[in-house]
Amino acid sequence: MAKILNIVETAYRGTIEEQDDTVLWLTHMLKNAGADISVLLRANAVNYACKGQDASGLSFGDAKMTHPPEIDKDVEKMIEKGVSIYVVEEDARERGLGDDDLLAGLRRIKRQGIPQLIDEHDQVWHW
Amino acid sequence: MAGKTITVAIMDAPYESANSTTALRIVQSALAKGHNVNVFAYEGAVNLTMKAQAPHPNPVKGTSAEQEAHPTTKDWVASLFKMAKDKGVKLDWVNCGLCVDERGAGDWVEGPRRGGPKDFLDASNASQATLVIPTK
Amino acid sequence: MAKYLLIESRDPFDSADSQYFAELIQGLAKRGNEATVFLVQNGVLPVRKGSKYSTVIADLVKSKIKVVADRFSLKERGIRQLVDGVDTADTDRLVDLLVEPGTKAIWH
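From first to last, the protein sequence lines are chains A, B and C. Take the first sequence: its letters are residues 103 to 229, numbered as in this note's numbering. Take the second sequence: its letters are residues 339 to 474, numbered as in this note's numbering. Take the third sequence: its letters are residues 10 to 117, numbered as in this note's numbering.
This is chain A alone, in the form it adopts within the complex:
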């Protein structure tokens, strides 16, 4: 089976309307369908690994948003399912994210390690 690496870099694109990040959701679906899939969070998407994200409280007139996205929990669920979630250390640090801010169970990787990580996968889908 092909080893797939999903590289996610765009963050919070339509996540309120979707109640998910569409690429993380797709990754979860592909994992459930039997894919051997890992995720690399880079650029702004490293913020998906931040604890305590809270998108609750929105309403538009009488229309209340009752199930907002919980992207940190989505990442945790994927880790529980055995999806390796890599985070680029420099990208996290540049955004002021320290070790205490990040979820448990992540795999940290330096920028210079990305080519090797890519080499270790058969398919690389750069979203």
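Treat the hints as calculated values from the structure; they're not laboratory data. Be a bit skeptical, because a hint or two may be false.
[To be verified] Covered stretches of chain C, going by a simulated chain B footprint (3 or more residues, C-beta under 8 Å):
#1 37–44
#2 63–76
[Unchecked claim] Quick list of in silico lysine-lysine cross-link-like pairs, DSS-like style, CA-CA up to 25 Å:
#3 C/84 with B/371
#4 A/133 with B/474
#5 B/456 with B/342
Where is the CB? At the ideal position from N, CA and C, for every residue including glycine.
Place chains B and C on chain A using the hints.
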């Protein structure tokens, strides 16, 4: 190198990004070379095949819809289906069903079918090449 | 050793992230992989001789990385004078590269 299968995932909505045109150019080149092509249209890309798309006039140029011959992506996709048929190769275009539902985009030109992420995975596993063209 | 087809649709004028992709390409090549960069859409803008970022393209060429620019994207932007060593091709060639056995295609 004819007779291979290529899977292309696309995400952009029509008329918003150069990615859509490039994706369709790649699909066309692949079909012309005798390859089979799977397309997984995800999120906004499901609107590419909407039947209700209509050419419009151009008030700046003072042209009518006929004079302007404004292209629609649904016509381009329909034309690619015809091309695949003429060439005797397969174009399997899957529109992500949940993406269709949330957009109310279920009325398509002839050719695409409804599916989901597993179709994309199966198509990729059965292909010699997979290319993901994301949106930003 | 793997073959990589790296398709760059972004440009350094608009996207700071194109620097990341140039570094990634160099990183993959340094690991002994065969890398072809296919520039498309605004990704061809730095290819014009005299552009501020033409050195990024020249550096790729110097590193023995094949750099190919999409003819339609060049024509669409009126780009005629290219950085030395850059080849031009249509999407037919892109498809040929895509289906070469052992190729990993990455779009940026």
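| task | Assess, step by step, whether the Cα of residue 133 of chain A is no farther than 25 Å from the Cα of residue 474 of chain B, and give holds or violated. | result | holds (23 Å)
| request: Starting from residue 84 of chain C, check that the Cα of residue 371 of chain B is at most 25 Å away, please. | output: Judged against 25 Å, a Cα distance of about 23 Å means the pair holds.
| said: With the threshold set at 25 Å, check whether the alpha-carbon distance from residue 456 of chain B to residue 342 of chain B stays at or below it. | reply: holds (21 Å)
| task | Tell me if chain B covers the segment 63–76 of chain C under the three-residue, 8 Å CB rule, please? | result | violated (count 0)
| Are there three or more residues in the segment 37–44 of chain C whose C-beta lies within less than 8 Å of some C-beta in chain B? | violated (count 0)
The earlier numbered hints that this structure contradicts are 1, 2.
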